[in-house]
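**Q** As a plain string of letters, each chain reads:
Number of protein chains: 4
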Amino acid sequence: MTCSLEDARRVIAAAETEALTIGQPMNIAVVDAGGHLVAHARMDGARIGAIDIAINKAFTARAFDMSTADLAEHSQPGGPFFGIHSSNNGRVIIFAGGVLLRRGEQIVGAIGISGGSGEQDERVAQTGVQAL
Amino acid sequence: MTCSLEDARRVIAAAETEALTIGQPMNIAVVDAGGHLVAHARMDGARIGAIDIAINKAFTARAFDMSTADLAEHSQPGGPFFGIHSSNNGRVIIFAGGVLLRRGEQIVGAIGISGGSGEQDERVAQTGVQAL
Amino acid sequence: MTCSLEDARRVIAAAETEALTIGQPMNIAVVDAGGHLVAHARMDGARIGAIDIAINKAFTARAFDMSTADLAEHSQPGGPFFGIHSSNNGRVIIFAGGVLLRRGEQIVGAIGISGGSGEQDERVAQTGVQAL
Amino acid sequence: MTCSLEDARRVIAAAETEALTIGQPMNIAVVDAGGHLVAHARMDGARIGAIDIAINKAFTARAFDMSTADLAEHSQPGGPFFGIHSSNNGRVIIFAGGVLLRRGEQIVGAIGISGGSGEQDERVAQTGVQAL
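First to last, the sequence lines map onto chains S, A, P and Z. Counting from 1, position 123 in the first sequence corresponds to residue 123 in UniProt numbering; the numbering is continuous, with no gaps. Counting from 1, position 115 in the second sequence corresponds to residue 115 in UniProt numbering; the numbering is continuous, with no gaps. Counting from 1, position 63 in the third sequence corresponds to residue 63 in UniProt numbering; the numbering is continuous, with no gaps. Counting from 1, position 34 in the fourth sequence corresponds to residue 34 in UniProt numbering; the numbering is continuous, with no gaps.
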């Protein structure tokens, strides 16, 4: 079980609608159960440096099977995973906005959002998750 | 002038329809005038190694303002640009499937297709271009 | 709208004059609206490790549409973007010296300065900005 | 002995004039005796993929103390250095346009040109060299 392109587009559409409601253009990415990109959309005006971050928040959530917000807690100086952000060729993002996609118990992929504040990114990601 | 998300989606939709006609799942990517990803879609069953290639075919077309099919001719052993594929941190792809998007004389971005044969990729890219 | 070579040279000349006044040789870089290098100058005696930093401070400011000094505040341990410095293939610099170039409301590029203290770099960058 | 910023600017100005004569916008880069960038200029309209190539042609000429045109001959399939373009983290460019800068017998740096055909790049580089 994984995430189809149709699934990814439904998730992205929901996230995009939420980002429009907030009024903050976002990069939105969905990866499959293998952590590989299924679809990406950069809303007009969203930051170009956030392309890489959105894709890699989704990758990170799936790579460690936890949200990037949770990973962030463990990755601060003094924490058990401090330094993890330089592993995996720099693909590990340790702040909010990357969330797993599940069908029942099964992880089928992840969504990554980047473009706003950490709270905005997380809220948009959660909206996307609910549309799966 | 650059390529909006709406433009990119129209281009991707046309390319996707052509890929379905051919019966070969593809990765489809569109970059803006700065070479930065606007949108990407991986059709169900398309190869995961082709994600990077589709995105970077689009980047390459914009980076050198020529199609990757044309660049390929100059980049063979003994040709004037042999070796260019290792420049730009490995982002330069030197085979068919990356084509510029223009509005009149103006370059506004590029499309990159990867998933089938060179001829299939190029045909799908050209179909996308016509939808801009 | 973007930043021409003539614009970049005017910005660099102003920054260079300020660096000479301070008495600290600098690397000075200007990128366009796409984040791509337009011009770079390393003043005699400026540090070679600062070449990459100046270019990437300019890239970073444009990538996130904020100064690197502002980004620094959000990127400290415990902050909402801690870890962002390892994204974008190591091109994100999170200390002062990268500032956006604007024409009216429009972002047309960015300047990056590296070679002195954070305060010196920022002062030289701001002088460059005013010459656009 | 090395190449000063003033030297680099004189070399770049000469190369730029030649590129204007040819009518082909170029990226022009000068590195010092250590192979490190002293100055870069991208003429308006020059390709963004050629920034990296111009800088690294100059690096390559100094790294191997020969022109990139000469290196190209030895780096073709079957040649003694085939594959060298993937060494040095992808910084080695193996086609014409990178030429050493000398004062008498002494190597003081190198120039790298990218933006036109191999012949155009080489011609512009040679013009720059003569201005040292």
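Heads up, a few of these hints could be off.
As the list claims (entries may be wrong) - Under 10 angstroms between C-beta atoms, here's a sample of chain Z residues computed to sit facing chain A:
id	residue
1	2
2	6
3	9
4	13
5	50
6	63
7	64
8	75
9	78
10	86
11	91
12	114
13	118
The set of hints was computed from the structure by calculation and includes no laboratory data. Built from N, CA and C at the ideal position, the CB exists for glycine as well.
**Q** Each hint should be assessed against the structure and marked as holding or not.
**A** For each hint, the structure was consulted:
Taken as an interface hint, residue 2 (chain Z) does not check out: its beta carbon lies about 25 angstroms from the nearest beta carbon of chain A, beyond 10 angstroms. Hint status for residue 6 (chain Z): violated, given a least beta-carbon distance of 29 angstroms to chain A, over 10 angstroms. For residue 9 (chain Z), the shortest C-beta to C-beta distance to chain A is roughly 25 angstroms, which exceeds 10 angstroms, and the interface hint is violated. Restraint check, residue 13 (chain Z) versus chain A: the minimum CB separation of about 25 angstroms is more than 10 angstroms; hint violated.
Hint on residue 50 (chain Z) holds. Least Cβ distance to chain A is approximately 7 angstroms, under the 10 angstroms limit. Contact between residue 63 (chain Z) and chain A, as hinted, is not supported at the beta carbon level, the nearest pair being about 14 angstroms apart and thus beyond 10 angstroms. The criterion of a C-beta within 10 angstroms of any C-beta in chain A is not met by residue 64 (chain Z), whose closest approach is roughly 13 angstroms, and the hint is violated. The interface hint given for residue 75 (chain Z) holds, since its Cβ lies 7 angstroms from the closest Cβ of chain A, which is under the 10 angstroms cut-off.
Given hint, residue 78 (chain Z) at the interface with chain A, holds; its Cβ is 9 angstroms from that chain's nearest Cβ, closer than 10 angstroms. Of the supplied interface hints, the one on residue 86 (chain Z) holds, with its beta-carbon coming within about 5 angstroms of a beta-carbon of chain A, less than 10 angstroms. Look at residue 91 (chain Z): its Cβ gets to within about 9 angstroms of chain A, closer than 10 angstroms, so that hint holds up. This hint holds: residue 114 (chain Z) has a C-beta 9 angstroms from the nearest C-beta of chain A, less than the 10 angstroms allowed.
Proximity of residue 118 (chain Z) to chain A holds as hinted, the smallest CB-CB distance being about 4 angstroms (cut-off 10 angstroms).
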